[in-house]
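J.: Okay, here's what each chain looks like letter by letter:
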Amino acid sequence: MDNTKIIELKQVREHVHSGDRLWIGGWTLVRKPMAMLYELIKARLTDLHIVNNPGGPDTDLLIGSGCVSKSETNYIGHEVFGHPYNFRRMLEEADPAMPFLHDDWTVGTGTMRILAGALGIPFIPTKFLRGSDLLSPEHDGFKEIRGIDPKVPKIKFATMKDPFWEGEEFVLVPALRPDVCLLHVQEVAEDGTARISGGAFLDYYAAKASRRVIISAEKIVAQGSPHKAFDENVIPGELVDHIVEVPFGGHPTAVHGHYDNDPFWFQEYIAASKSKDKMREWLEQWMHASESFEHYLHKVGRRRLDRLVADGALGYSPNIVRRLDKIKEVI
Amino acid sequence: MDNTKIIELKQVREHVHSGDRLWIGGWTLVRKPMAMLYELIKARLTDLHIVNNPGGPDTDLLIGSGCVSKSETNYIGHEVFGHPYNFRRMLEEADPAMPFLHDDWTVGTGTMRILAGALGIPFIPTKFLRGSDLLSPEHDGFKEIRGIDPKVPKIKFATMKDPFWEGEEFVLVPALRPDVCLLHVQEVAEDGTARISGGAFLDYYAAKASRRVIISAEKIVAQGSPHKAFDENVIPGELVDHIVEVPFGGHPTAVHGHYDNDPFWFQEYIAASKSKDKMREWLEQWMHASESFEHYLHKVGRRRLDRLVADGALGYSPNIVRRLDKIKEVI
Amino acid sequence: MNSDYSHLEMMVIAASRLLSDHQKVLVGTGIPLVAGALAKKTHARKMKMLMEAVAYDCDPESLPFCVADPRAVYQTKWLPTPVEVMGQYLQGGDIDFGFLGGAQVDKFGNLNSTCIGTYQKPRKRFEGSGGASDIALMAKNTIIIMSHEKRRFVDAVDFITSPGWYCRSLDGRSRMMRSEMGMAGGPYAVVSTLGVMKFDEVSKLMYVDSYFEDLGVELATIEQETGFAIDVSRARPLPPPTHLELETLRTKVDPEGIYMKY
Amino acid sequence: MNSDYSHLEMMVIAASRLLSDHQKVLVGTGIPLVAGALAKKTHARKMKMLMEAVAYDCDPESLPFCVADPRAVYQTKWLPTPVEVMGQYLQGGDIDFGFLGGAQVDKFGNLNSTCIGTYQKPRKRFEGSGGASDIALMAKNTIIIMSHEKRRFVDAVDFITSPGWYCRSLDGRSRMMRSEMGMAGGPYAVVSTLGVMKFDEVSKLMYVDSYFEDLGVELATIEQETGFAIDVSRARPLPPPTHLELETLRTKVDPEGIYMKY
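Residue numbers (this note's numbering), protein chains in the order written: chain A, 1 to 331; chain B, 1 to 331; chain C, 1 to 262; chain D, 1 to 262.
For reference, chain A alone in the conformation it holds in the complex:
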């Protein structure tokens, strides 16, 4: 087996560029490719155009790091852990020095758009969006750059009457076409074949729709028994350009069968993200002052990581405390 796809974590910087439309795999708090994103932050990338649907700490953090100029997604947040203060601040206190455009969508339309991207068709009809202010032309967050920026669809949506069946009015939405797709999975084979457990979300579709695909995995494995394994092999190696082994590479998000969310990280991060100054300190300490991801994990500490480790049968850790207001009682 050739292993020419294997890279070092730091090399991720060579394959993601300022201005790229970026799909980040996983789902809000789960299986986010955090270690790879940390590299982009340390490389001080700018002008990223976020297209993942939805976003979690990955997206809020990239925004707070000044890496993002555009996002079109359905949600940015930390679920019950708390609010996405970096994202909020960008919209509530627009900063002329850091232009940021946001275009709102929904999970249903984000799904249809990346499905259209995977199918290689430029648009797809959907029943979603009707009745919502999201459809109103004045709420088109990319209004001012449509027809100008070639990485943005010329219009946000179109409507048409179904000519085939009952003649209902339908909404057409444009395909999502990410330039680069970053995923974190449980296992990847040397040829790039990715194995995911506990839900693949939109990872396969995003890999198919993207021009470049980089996968970090808890473990790089030899191909193993193909006959047995094909049900778990979610993404064919052919789609994958580069792979990198990063144990705990999804920290602080949860990776089914490996580890759970790290509530300590969220407690500290969310507190810091409430102000620009504290956020700057947090970035300095956790990103720029961490020479490597190993160094970052060392700072997190073995004791905390051990606590996150998933129970084999359950797929998650029964030991973590999931209420930030009660964390101190326990560790």
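Hints in this document: simulated from the structure, not taken from any laboratory. In this text, all values refer to a predicted model and were calculated from it rather than measured experimentally. Honestly, I wouldn't trust all of these hints.
To be verified - In silico DSBU-like links for lysine-lysine, alpha-carbon gap of 30 Å or less: (1) Lys261/C / Lys198/C; (2) Lys161/B / Lys140/D; (3) Lys24/C / Lys151/B; (4) Lys5/B / Lys41/C; (5) Lys143/A / Lys121/C; (6) Lys46/D / Lys198/D.
Knowing the structure of chain A, use the given hints to seat chains B, C and D on it.
T.: Chains B, C and D only, in chain A's frame:
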């Protein structure tokens, strides 16, 4: 576990009606729900509207039995075994007593159409069909019934310019909306959850897009270990209305891991299908004079069936002779 | 176990009572998940609970933190992606109940989870729709669950993220009744910390259907905490939690108090 | 092993030589499958062979009988459905070579697998497109493989199932050059029982690129068996099969002679 979905094979007749749009699962020579189709033939159903893509001996046989008045599919044939003489005869020697309309499609568009059906959207754009005579309005096989028959889309296709990206001209094709979907699978759980190995083809999509779903299986099983099994559970029980256990229920088509194609069946069937009279005799002998599917299998004979049984590791039988012209040399 | 109970608990219990066996219920992250899990573990064992990211028929042993949590897939029989759950089941019209929260709800059941103020210059920006807009549009019925405060129960939401009964027209320029737009579904109930609201068959305006009398809630309290005139004439007291409901909620559904904040 | 070989074998070997490592090749049922398997087992081990119904990277131990045959999935690493193979990989423009047969081919490489005579009242009806039309349209290159007979190599096919270089316009009323319609791809070669034909860069007309001289084929034979005037001026003899090619075909790819009819 309630088992209210389990029916007898003969009850299939109660759930499929003359005039239904019928999706038949599997693919040409593989995993066709033959035992259930035999019931429809014995019940002398008429006016079926075949929408499966593609068809094999299942479709040619239903046509030869006089059960079908309309088909919209991309292929009807027996692959290398021989030609679909019943289908051919219907088009080459139109019989006013047996009106039959056929509308030609492609695997790509059949796939997009059933995908649209599963998504609940009335149409979908596709890159396929351009450049082909299949797009020409004069070759619309359902021309005379469009706008009249509510089970047929009002138009065959539409074209439009992509308003979002490069402005390419696109073809829109209508969703397929089967009334009833018949599938044959390896295992089905009592709640209807279907397990398929060796390729699911379009079975899941068809089940999702259809109003009623009936599944025959080599074996009905208790639910088993759900955590372990979910990768193989292709169709959720919720979609499934009725299930029936029929060992060899896919004969003479191949069922991965269970048995292979029966070349003897094809040899005899294809020879008979070359003339109307011989076809009538074949139907009498193999369909109407077989009181039950067990009786049919008994006529096929244990020796022939044993020879078809798949090797566990390979998934197919290494023992069958696949050249009809050489069959006699071997058995 | 404490025999006292909170408004939060009563809200979740009242919501769970609206669900029953043989329904397919799509639950959003947060409180809806708690109410769904409670129904499934008490009176609606055969209810199918779906989550937008991953879960088709989910009966978690431990409360999922979000709709993609590994806890949501434990022991599930089929593991879909959002293409199936949202693209096919929800868009296909197969979901009986959608279960949503939000920052604001108005008298027509429109929900806002986008922003306060204008969209272009929001005073307060929220996380965004997630799947809420889709669920409110395509589920056969929607249940909204939300703390009852005047700033949340408003005459008209600042932004219609998720359409209720009187919502945005397709050209984005006016507002129309949902039925005029050929949209099925619509809000069935709003369950709050004070009671359960429903919508008038004809006017589609919110009214009080029942209230938590056992917790000392009076109809005047509801009127006071609602930012528009609300009909309370049809209201009746809701029976307090049963022992089974409270015990299941406290010991099996949310023993950590993640949402119930014990 | 016989050192003689047949026209059929030379056709399959000539076709397999057109494939190489690192290509993604979508093969149709029948002879294309034999040629694909031969390439994969000789000089193109890393070629990915796809089949429309089920196979993504297929290297069967026993020749599949059709594109859904259990033999096609033996040892594959990823098991797609037609939604992935056709809807995503082919439609997405990811297939390097499409490999097709048919009943008729014309001088522009249009293929007919639908009918002889008119569509409405065919003299002879065939099985239909299957995936052929899609593959001919969306693969980056198409290889056509077909027995060389005058009735098959025609001036214009009775029905354009699969578009070649000069095909049907979008309104169905006229014919246009493929490039004018914004369609990529197109026929790269026609491999027959007599030789290998290609298409002129400018005129897009079929010409003879090489012929099976070792089997006694003369250019006059090809002209005779072709139903339109064909340019033979560029033709050169094709090297006969190597020992490895013949032995692999006979002992590993089609030992049963299913397609080679020993």
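J.: All the hints need checking, so say for each whether the structure fits it.
T.: Against the structure, the hints:
1. Lys261/C / Lys198/C: holds (27 Å)
2. Lys161/B / Lys140/D: It holds: about 23 Å lies between the C-alpha atoms, which stays within 30 Å.
3. Lys24/C / Lys151/B: Holds, at about 28 Å.
4. Lys5/B / Lys41/C: Holds, because 24 Å separates the two Cα atoms, which is no more than 30 Å.
5. Lys143/A / Lys121/C: holds (15 Å)
6. Lys46/D / Lys198/D: holds (25 Å)
Consistency with the previously given hints is maintained throughout, with no hint failing.
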